[in-house]
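Numbering (our numbering) for the sequence shown: 569 to 860.
It is possible that part of the hints are untrue.
[Said to hold, decoys possible] List of simulated lysine-lysine pairs, BS3-like, C-alpha gap at most 30 angstroms:
1) 844 <-> 591
2) 740 <-> 643
3) 618 <-> 591
4) 739 <-> 844
5) 659 <-> 591
6) 739 <-> 841
7) 739 <-> 591
8) 739 <-> 643
9) 659 <-> 582
10) 740 <-> 844
[To be verified] Per label pair, the in silico range of CB-to-CB distance:
11) 812 <-> 619: 43 to 49 angstroms
12) 812 <-> 639: 41 to 47 angstroms
13) 694 <-> 765: 18 to 24 angstroms
14) 845 <-> 765: 42 to 48 angstroms
The set of hints was computed from the structure by calculation and includes no laboratory data. A virtual CB, placed ideally from N, CA and C, is assigned to each residue, including glycine.
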Amino acid sequence: MTRGKEDRILLVTKAIQEHIPHKPDMLLILGSGLGGLVESLREPVSIPYKNLPDFPITTVEGHEGQLVGGYLGNKYVIAMRGRFHYYEGYKMEELVFPIQAIRRLGAETLIVTNAAGIVNRDYKPGELMLIEDHINMTGRNPLRGPNDDEFGPRFPDMTEAYDRELRMLAKKCAVEQGILLHAGIYVGTPGPSYETPAEIRMIRYLGGDAVGMSTVPEVIVANHCGMRVLGISCLTNYGAGMREERLNHEDSMAVSAKSGTNFTRLLLAIVEKSEKQKKEAKAKAKKASQQQ
569 MTRGKEDRIL
579 LVTKAIQEHI
589 PHKPDMLLIL
599 GSGLGGLVES
609 LREPVSIPYK
619 NLPDFPITTV
629 EGHEGQLVGG
639 YLGNKYVIAM
649 RGRFHYYEGY
659 KMEELVFPIQ
669 AIRRLGAETL
679 IVTNAAGIVN
689 RDYKPGELML
699 IEDHINMTGR
709 NPLRGPNDDE
719 FGPRFPDMTE
729 AYDRELRMLA
739 KKCAVEQGIL
749 LHAGIYVGTP
759 GPSYETPAEI
769 RMIRYLGGDA
779 VGMSTVPEVI
789 VANHCGMRVL
799 GISCLTNYGA
809 GMREERLNHE
819 DSMAVSAKSG
829 TNFTRLLLAI
839 VEKSEKQKKE
849 AKAKAKKASQ
859 QQ
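Whole structure, please, built from the sequences with the hints as guidance.
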């Protein structure tokens, strides 16, 4: 007998809490070749996806398939070391089920990362791009079907899908760390084939700066759940037709791995700075309350 979504969420949250009793401040989704960030976590606890009931299993090279809890700076985070993709054969609601479960555990912020192809001619492989907005070219929406009012409204607003304050914070941290951080539009496609040269030209004409096969479903559902979202792409290769060489996944992973140091430095700075801003805001609010 197939379990309903609420039963599935209850089972997986209980299973996570058996290993990770802490309430998470945020959820990190780590893209291809970017899983090394978990090595910066203090007091890490790892759970293989296969040990969690009804949890999807990643089938893509470069996605280790582990849920890892630990402290990043002073924040307790849960990191998905490996994500799931529509092209793997999963339904959209299966892709985003882990986000809803970890949101139920208390996570209020999602930091989503990916390896992406370059569309903007001014970008180069190995550089990072802050996602300011996205274009959904998957032809699917993970919220299709009956709405779960407990998580969010039937028609969630996507005007600011990527939180403005977090984007400003990321830009500031990049400058302070001396890291080049582009800001652009991410285009999500279903995959698994890479885009044709004609499709890359179309994406550029539509305003896209980078293209990939993930991220968009997770961001839609995170917004539906009321989470703040920050998105960062590691630019791994030029889109089809922009250079003579053919595209392959192994080269993309190699580039993202080389970019891992800057990526980790930037995220650590963002988390540290966000915690400092949070404390300053609380102190300011407390002072204002005492003066009244």
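Consistency of the hints with the structure:
With a C-alpha separation of about 19 angstroms, the suggested pairing of residue 844 with residue 591 holds against the 30 angstroms cut-off. Between residue 740 and residue 643 the alpha-carbon distance is near 20 angstroms, which keeps this suggested pair within the 30 angstroms criterion. Between residue 618 and residue 591 the alpha-carbon distance is near 22 angstroms, which keeps this suggested pair within the 30 angstroms criterion. This hinted pair checks out: residue 739 and residue 844 have alpha carbons roughly 16 angstroms apart, not beyond 30 angstroms.
Annotation: proposed proximity of residue 659 to residue 591 holds, straight-line Cα distance about 28 angstroms (limit 30 angstroms). At most 30 angstroms may separate the alpha-carbon atoms for a hinted pair to count; residue 739 and residue 841 meet this at roughly 12 angstroms. The suggested pairing of residue 739 with residue 591 holds, with an alpha-carbon distance near 28 angstroms, which does not exceed 30 angstroms. For the given pair, residue 739 sits about 20 angstroms from residue 643 by alpha-carbon distance, which is consistent with the 30 angstroms threshold.
Using a Cα cut-off of 30 angstroms, the hinted pair residue 659 and residue 582 holds, with the two alpha carbons roughly 23 angstroms apart. Restraint check: the Cα-Cα separation between residue 740 and residue 844 comes to about 14 angstroms, which is no more than 30 angstroms; the hinted pair holds. Checked against the hint of 43 to 49 angstroms, the pair residue 812 and residue 619 passes, with Cβ atoms roughly 45 angstroms apart. Here the CB-CB span from residue 812 to residue 639 is close to 46 angstroms, well matched to the stated 41 to 47 angstroms.
Between residue 694 and residue 765 the CB atoms are about 22 angstroms apart, so this pair conforms to the stated range of 18 to 24 angstroms. At roughly 44 angstroms, the beta carbons of residue 845 and residue 765 sit within the given window of 42 to 48 angstroms.
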